[in-house]
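In the order they appear, the protein sequences are chains E and B. Start counting the first sequence at 1166; every next residue gets the next number (this note's numbering). Start counting the second sequence at 1166; every next residue gets the next number (this note's numbering).
What the hints contain is simulated information worked out from the structure, not anything from laboratory work. Careful: at least some of the hints might be erroneous.
The list makes no distinction among identical chains, and a pair is therefore deemed to hold if it is satisfied within one copy or across any two copies.
In silico DSSO-like cross-links for lysine-lysine, where the CA-CA straight-line distance does not exceed 27 Å [said to hold, decoys possible]: (1) K1448 - K1298; (2) K1262 - K1505; (3) K1506 - K1321; (4) K1520 - K1506; (5) K1448 - K1531; (6) K1506 - K1315; (7) K1451 - K1321; (8) K1531 - K1315; (9) K1235 - K1191; (10) K1505 - K1314; (11) K1531 - K1314; (12) K1314 - K1448; (13) K1235 - K1435; (14) K1298 - K1343; (15) K1309 - K1451; (16) K1520 - K1531; (17) K1180 - K1314; (18) K1531 - K1309; (19) K1247 - K1191; (20) K1314 - K1262.
Protein chains: 2
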Amino acid sequence: MAPFKLLISRVEALKTVLDSVRPVEKNESVPIEESSSRVLAEDVIADKDIPPFDRAAMDGYAVRAEDTYKASERNPAVLNLKAVLHAGESSETPLRKGECIRIATGCPIPLGVDAVVMVEFTEENEGKVSIFKAVHPGANVAPKGEDMKKGEAILKDGDTLTPAKVGVLAALGHRHVKVYQKPLVAIVPTGTEICEVGAELREGQVYDVNSYTLTSLLSENGALVTMSSIVPDSFEQLKSVITRFLDHDLIVFSGGSSVGERDILGKVIKESGRLLFHGVQIKPGKPTLFGLVRERPVFGMPGYPTSCLSNAYVFLVPAVRKMARLPHRELRTVRAKMAKKIVSASGREQLLPVKLVHGQVHPVFKASGDITSLAEADGYIILPVNLDVIEEGEEVTVALLE
Amino acid sequence: MAPFKLLISRVEALKTVLDSVRPVEKNESVPIEESSSRVLAEDVIADKDIPPFDRAAMDGYAVRAEDTYKASERNPAVLNLKAVLHAGESSETPLRKGECIRIATGCPIPLGVDAVVMVEFTEENEGKVSIFKAVHPGANVAPKGEDMKKGEAILKDGDTLTPAKVGVLAALGHRHVKVYQKPLVAIVPTGTEICEVGAELREGQVYDVNSYTLTSLLSENGALVTMSSIVPDSFEQLKSVITRFLDHDLIVFSGGSSVGERDILGKVIKESGRLLFHGVQIKPGKPTLFGLVRERPVFGMPGYPTSCLSNAYVFLVPAVRKMARLPHRELRTVRAKMAKKIVSASGREQLLPVKLVHGQVHPVFKASGDITSLAEADGYIILPVNLDVIEEGEEVTVALLE
């Protein structure tokens, strides 16, 4: 059992990870109603003007603007009602001087019309319409192409689709859209000390927690997860499972929390590829390792549930989001005062789960092996390597786990 | 065509909506790996101690603490190595004075052991282990029940599941979890002026944008959406579609942007239930209406895409989240300076889509009928009813559409 020798900093470790993972290249076609939060894999160019015709922007009366120039509250212009256009209807015959057409929002502007008077400024009575307000040419007319002009690039390759961007696709008549595939992530629990959830625990066993916390977290950050069954911590087994999952974009081992077991994975990666770091100056999370096998990124996460999950927020989420081409997302932070004094002397940067109670920061960390620490936490604070003490009442920055 | 008469404020409208919608009561069982972001519909009580046994919290040597009391860097205590426990292994025979057992993190603590010395402070050589540091009883031992005590309430009915809370369920061996069903939302596009996306547009038609923007937005906020086909704006058709969707928790009509068509829906609701408001003092979004039919909430959203979607952020998202029992979520806001002067004289509160460019706020609103306004926007600012002018350089609060 060789203890860790050289630890790298969290910042350096994250940089190594982000420099090593690549955005997915493969794309797929999905129905637009399932495309929100996905990443566009094509430029979207308007193939038509939207709207495709000049249209009424308001309910009201379609007029020749010049017929209204002298209209006022006291002296309305009185026009002859020539036709009525309900939503979805259009008119073929041109409007002549002194005439108007009752028109619904969205209807194509009839020939001869150059303005619409809002219904609020009119009064209709037996075929005559009083117009109480002068309008200029173009008033309340939405011109053809106002929203999108034919040939215009509207959305770009790499854009994350939002409800409004999905609306752009619908407006252009697209049923499907090309998006980047989600990165395929294999999550591999290791070690005979863990047991499939729901199976009967043998002496000395605990349930596999990490497969579920990692699957939940990474799925929410754009990954498509394959959950592997539990693999024993032997050189041959770990090697063969890496080979099996080389068709995935990322392989994440969890478990093998002990130094000896981590060493086996480290050796497998060294033999088959490159081990880029093993041991991070962070607490919890020291045993985290990372390497490349045939250019496929491979993580070894600490086995202890709180260590594993908090390091997943720090390293795996940014890695997966980069692979998924999703924008880097900083956790939302708040500043708040410590409810009690903290002394830290770990010689490592520390991720301390905390709860906010009446605006005060209470540490909720029990032990790395516990999951309730993080389940109760509202967020975490990062204690610097060189921290001596934080006094009660001192202000700290809490990164929120929302 | 009756113009609107009395408009209610956004705040009053939202209060009316939230007072009228009820959280879903029905629940369902889902696999825990699909439960993150869902809302727990049961209390979770630990049915066992976790961990189920005292265990080693570190890799190292299991000892009787008193055998180490005199150990130091210069004068190590030397103990006989009695056994080696790899991860997942346990030992039956008790430890005696002067002995130690090499132990991996997570292994059950053998009988007679009361502490673990971290491997870093030891040296093993031909069956002898030098201990360079004294430890107290309990050192590096995670006691049984440290994470969860049998009978303890760990998660509560109504908790939103997070990756860590899913981990709690896994730790307790639960394969499935009872969560509240997602509220069923029917989205019904209306009007012959809109066309199913992808079909051939007839003269005067545009594609149905709102079904897609609303489906995207509400699905992301906990709804299960049924997309209806397009329904003509007639009294009988609207009435029958409400009856058809009364098995849903919420019915949202979109379209019928003109005053006359909105009136039909208003009349249908008045006849079959209660119309709670029709006309909001907000721009865009004046035609928004809301009522109850047999206690089922029914929305009439403006037909214009930007009006519809921005009002969906304001009214539908809070309603759906309340129904889904998800916590109310304020949009994240930033303060930034206006890049240009804005004059507002609408007599209504205004939702103005804006883009942040080099930290400055640029309005991107084109027209309510456009969808690109919101597709380009980073967020919106709310201009108060009584606004006269915002000068260039004045600071405003931008609600971010992320």
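| message | Of all the hints numbered above, which does this structure not satisfy? Sort the numbers upward. | response | 2, 3, 6, 7, 9, 13, 14, 17, 19, 20
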